[in-house]
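Number of protein chains: 2
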Amino acid sequence: METVAIVGVGLIGGSFGLALKKAGFAGKILGVSAPGTLEKALERGAIDQGLPLEQALQHADLVYLSQPISRILETLASIEPWLRPGSLVTDAGSTKAKIVGQAQRSIHQAQFLGGHPLAGKERRGVQEADPDLFLGRTYVLTPGDPSELETAPACEFIQWVKAIGAVPLSLSPQEHDRIVSLTSHLPQLLASALASTLAGRLGPAEHLQVAGPGLRDTIRLASSPYDIWGDILKTNTCEIEAALAAYVAKLEDLRAHLCSERMRQEFQIANEFASRLKQQHTCESTAQVRSTPSLEESTG
Amino acid sequence: METVAIVGVGLIGGSFGLALKKAGFAGKILGVSAPGTLEKALERGAIDQGLPLEQALQHADLVYLSQPISRILETLASIEPWLRPGSLVTDAGSTKAKIVGQAQRSIHQAQFLGGHPLAGKERRGVQEADPDLFLGRTYVLTPGDPSELETAPACEFIQWVKAIGAVPLSLSPQEHDRIVSLTSHLPQLLASALASTLAGRLGPAEHLQVAGPGLRDTIRLASSPYDIWGDILKTNTCEIEAALAAYVAKLEDLRAHLCSERMRQEFQIANEFASRLKQQHTCESTAQVRSTPSLEESTG
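Line by line, the protein sequences are chains A and B. Number 300 marks the last residue of the first sequence (the numbering used here); no jumps. Number 1300 marks the last residue of the second sequence (the numbering used here); no jumps.
Next up, chain A with everything else stripped away, as it sits in the complex (with noise of 0.2 Å):
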């Protein structure tokens, strides 16, 4: 792997060049972005040179598409042509059955492999981009079959993806869709619902007083901004409609049984999961050197 092209140069793109460089790629990394956004870059140092479209994929081994979904499909329908034989395209989109699907009608010249990196800040840019933003992370990769991680350039890739101190996961496509279904869109318009309820439930400025900080955990994830997840619910929408309606029939059951003994038992289950999960937390951050973990509204 000698050359880089990443598209998209934002948070995501950025960091994984400068990670990249961090873990001692010593290959060139061409960048595919706005001119605005190209400068920011190269001043950060996370590319080497920023180049149209067309002449970056006529160089790169490596094409790692860091767009927005939206972006990553129309660019996926287009850049057969200009692809080298024998390099890999990746990407970073955070939903990956639409883009894995589009990739296999597209992608013919070079391998494509999906991805979706479990990292991201508040705040979004090259500006903000970490060369220590993928440590201690999920990277999880989506062939369409298990063979595809095997190939010499697909098995490159994830040498690297270990070195910027990622944690490599193999799923489906569909697996991975359906799960994050669940662990990051659901939480993502529970937490958008519950904003949207109490601004319109909730009256004078003093009514906010009475709010600890478990509503503001709980509804964090309200800030994050539609520019993403309008794709994300464009892309998985029967899996979110299908987690939608489990979690309804969840609080529907929880309401019919508000003063009934069932509820301890529902509480139990709950304890038992949120343990599960801090406990899943507290390996990850012992594997993560970080000292602040970054937050991950702006990637889905």
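Derived by calculation from the structure, the hints in this document are not laboratory data. Ideal placement from N, C-alpha and C gives every residue a C-beta, glycine not left out. Among the hints, a few may not be true.
Said to hold, decoys possible - Simulated pairs of lysine-lysine, BS3-like, Cα-Cα distance not exceeding 27 Å: (1) A:Lys28 with A:Lys162; (2) A:Lys121 with B:Lys1278; (3) A:Lys234 with B:Lys1250; (4) A:Lys278 with A:Lys162; (5) A:Lys278 with B:Lys1278; (6) A:Lys250 with B:Lys1234; (7) B:Lys1121 with A:Lys278; (8) A:Lys162 with A:Lys21; (9) B:Lys1278 with B:Lys1121; (10) A:Lys121 with A:Lys21; (11) A:Lys40 with A:Lys21; (12) B:Lys1162 with B:Lys1022; (13) A:Lys234 with A:Lys121; (14) B:Lys1040 with B:Lys1022; (15) A:Lys162 with A:Lys121; (16) A:Lys250 with B:Lys1250; (17) A:Lys22 with A:Lys121; (18) B:Lys1121 with B:Lys1040.
Said to hold, decoys possible - Ranges between beta-carbon positions, derived for each pair: (19) B:Gln1055 with A:Glu122: 52 to 60 Å; (20) A:Gly36 with B:Leu1149: 52 to 60 Å; (21) A:Thr151 with B:Arg1276: 49 to 57 Å; (22) B:Gly1203 with A:Glu122: 24 to 32 Å; (23) B:Gln1279 with A:Ser78: 40 to 48 Å; (24) A:Glu80 with B:Pro1225: 55 to 63 Å; (25) A:Ser78 with B:Arg1264: 21 to 29 Å; (26) B:Arg1276 with A:Glu2: 47 to 55 Å; (27) A:Glu2 with B:Ala1249: 52 to 60 Å; (28) B:Gly1203 with A:Cys155: 25 to 33 Å.
Once you have looked at the hints, place chain B on chain A.
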């Protein structure tokens, strides 16, 4: 105010004792609790003496009920014969209408004034008591009629509420219960329901790796114990049902519009509410001297 009886010397009661002393209260603080708890409370210096309920009441100018809600209701129903005429009875329960109603039926010798300090910690018990627990925190008072705040014992109590660093806010019991059903009880049920839904739909441990800080924050309240929440659910059932119904309706609405432009507006409304709440929090933090904000799972 020369003698205070704290009935239920746990986290809140113990902290109230410590906070009074730190604020310069020179009178006597009596504690009513199980023998083991009284021992710990004496060690911590949260009380000066442990006494049986009836004896403590006979000496107290201020009776501070910081038991679980169901115990507060029982205590209110039985203490009338031992109360000093002219004394003030208050409580720290997280729901107010049932408690104020019980007090109106049972307390005649003394004045009753309901209260709800929005303060707490993840861990309970007098060993966690903290003289700074109330610093910068809203302390809701729920008079049946506003004139109840103007009696001599009420004025003196409110002075002490301010002296321990809390910010008094007057609401009717019904108004309080409606607001906390939205700002506290709804977030709790929503987090419990999320944890319970995920527990039923996520399989092996590796699925938990596909979760970021967003999920952890949204689900944090799911660790709350039923021991506290059972009472809250049973004493604020109607308001909680109404809050849940509004929330479920909002979720159903979002589910029907996942891919439409309506979602952009909903995110916009949610973004704005989240900003308002953050701003409120920033104001509180500025008012607060403490370095780490306490959590309030345990107090609802």
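Ascending list of hint numbers which this structure does not respect | The structure conflicts with no hint, since it agrees with every one listed earlier.
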